[in-house]
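The listed protein sequences correspond, in order, to chains B and S.
All the letters of the first sequence, read from the start, carry residue numbers 89 to 394 under my numbering.
All the letters of the second sequence, read from the start, carry residue numbers 89 to 394 under my numbering.
Please note that the accuracy of each hint is not assured.
[Stated by the list, open to error] In silico BS3-like pairs for lysine-lysine, Cα to Cα no more than 30 Å straight-line:
1. B:Lys169 with B:Lys269
2. S:Lys169 with B:Lys209
3. B:Lys169 with S:Lys269
4. B:Lys169 with S:Lys209
FYI, nobody ran anything at the bench for these hints, they're computed from the structure.
Spelled out, the chains give:
2 protein chains.
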Amino acid sequence: MLAGGVGAAKFLRGLTRRIDPRRVHVIVNTGDDEEFYGLHVSPDLDTVTYTLAGMSNPATGWGLAGESFNALGALAAFYGKGWFALGDRDLATHIYRTDRLRQGWPLSRITADIARKLGVKARIMPMSDDRVRTFVKVRGRAAMPFQEYFVRNRARGRVERIELRGAQQARPLAQALDAIKASAAVILAPSNPFVSLGPILALPPMRTTLASLRERVAAISPLVGGKTIKGPADKMMRGLGHEVSPVGLARLYRDCVGTLIIDQLDRRYLEPLRALGINAVATNTIMSTPARAAALAQVVLDSIQV
Amino acid sequence: MLAGGVGAAKFLRGLTRRIDPRRVHVIVNTGDDEEFYGLHVSPDLDTVTYTLAGMSNPATGWGLAGESFNALGALAAFYGKGWFALGDRDLATHIYRTDRLRQGWPLSRITADIARKLGVKARIMPMSDDRVRTFVKVRGRAAMPFQEYFVRNRARGRVERIELRGAQQARPLAQALDAIKASAAVILAPSNPFVSLGPILALPPMRTTLASLRERVAAISPLVGGKTIKGPADKMMRGLGHEVSPVGLARLYRDCVGTLIIDQLDRRYLEPLRALGINAVATNTIMSTPARAAALAQVVLDSIQV
């Protein structure tokens, strides 16, 4: 599975009800990684890890359940008030990750170690051990790092461009490419195509590798009735000149995705998608409960005959 | 003032009731500094800073009042159970210090910045911007860093040797030497003579500078009736072959200390001390309240005619 944050994590919670989590490899976007207070924060990795560990905050989808924010309050005395919520127990993860990075561990080793120590059985890995940074250019402003756009500025403004800095020079994780080649199915999570899956697909030769396995690759549309459940994918599609529909999404993915799972509300797009050479399937994609996420996972697996 | 941790901080709380805190320069031991979880912890600097900021935990003397330990609990999942208590708000200080050190700030600048941001008016400075590490050799064991001896092993065992690694190569902070030369009085806190004040005095030319100003230098004995109120100074004196009395202490300090303030319970040592060429004064040295600490401070100031 290629994964961003909250949507991917919800889906994974369902998928791991249907297949042995030890068979699931999750390749996670790290273009949103950011340094706060000198600590390396990997929001998508943590969201996936915490969710699969059963530790995530169900109200937000990110962060830890029952979290406190006392350190963050004290940090404000030194740095001024922060705009990125880091809980006390969440901080432990960033402190550990940063400590290990400084000791020279690659992010992939640290990620696996954290997952193991939190009891996660699925194999979670960053898309790369190299640094890629996603910048968002909004009308009237200089390009800014993704978290600044998304959290600090609450995704305001018309998106004009996404920059994936370092992606051309970065190598995808070797284990990620190996897992993709060895897997019966590759699933693109219902994550943002530009800022969540975009960075993963931008790592050469990720995209051409998927293209060579296209019939085993399925994507889940994050759109429901022309909107995303969460996050700015719809606004970004519009801002970047794409049709905000499963057809617009299919045009972004069709070289490497053979199957597109769309919401039942969008079933009128089934024929246009098939005309584009895509195996299109409509179902309920809203993962309001783990059981619904599991049902969606089953539809995805069935659609590529796993 | 030359300071260690809790005893020094208590005295400073009294001293700053008697003289304008902006006139007080505190030169603090950093031989006990330790890295935990990749974060640079300066226990004595923090104890002094938190106490003068009115934020310290009155029950322990160290740490912050009303502290929580949620991050520490989460760190245990990654590192195993820790033996050094770092609270959530306290962690913010270590995160900030570490971040600034990595940006190249000297510890002295960071220390002043933290104190200012927490509203402390006295000038708190580390003894040096260079690294000195205090090791304690206990019978039957290899020499260990001070915090491991003191916190992890609860100061158990007979102390055979104190090693101040790096002290000969370290330079005392220039502002510290300047402050000492410009001050009407230099006070050695009732701190441990080996592991708190010892590292400061070991930095050349700290000791000879004090010796040249000996008549303005007063020390407060940490002993009361042959024991320390807190900490292992008495055990260390015994282990290292010194008489556990104000006379034993005076022999350690007499080249650079002109005045020794001893507890009223030890007044029988006044004559022997004077015979050693020390201006000895007996008073109540137990700082059970800030008012008593202030009264002690006044006796110290009077004893060297400030």
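Cross-check of the supplied hints:
1. Restraint check for lysine 169 (chain B) and lysine 269 (chain B): not satisfied, since their Cα atoms lie roughly 46 Å apart, outside the 30 Å limit.
2. This hinted pair checks out: lysine 169 (chain S) and lysine 209 (chain B) have alpha carbons roughly 23 Å apart, not beyond 30 Å.
3. Taken as a hint, the lysine 169 (chain B) and lysine 269 (chain S) pair is broken in the structure, with Cα atoms around 40 Å apart against an allowance of 30 Å.
4. As the CA atoms of lysine 169 (chain B) and lysine 209 (chain S) are separated by approximately 23 Å, the hinted pair is consistent with the 30 Å bound.
Checked against the numbered hints given earlier, this structure breaks hints 1 and 3; the rest are met.
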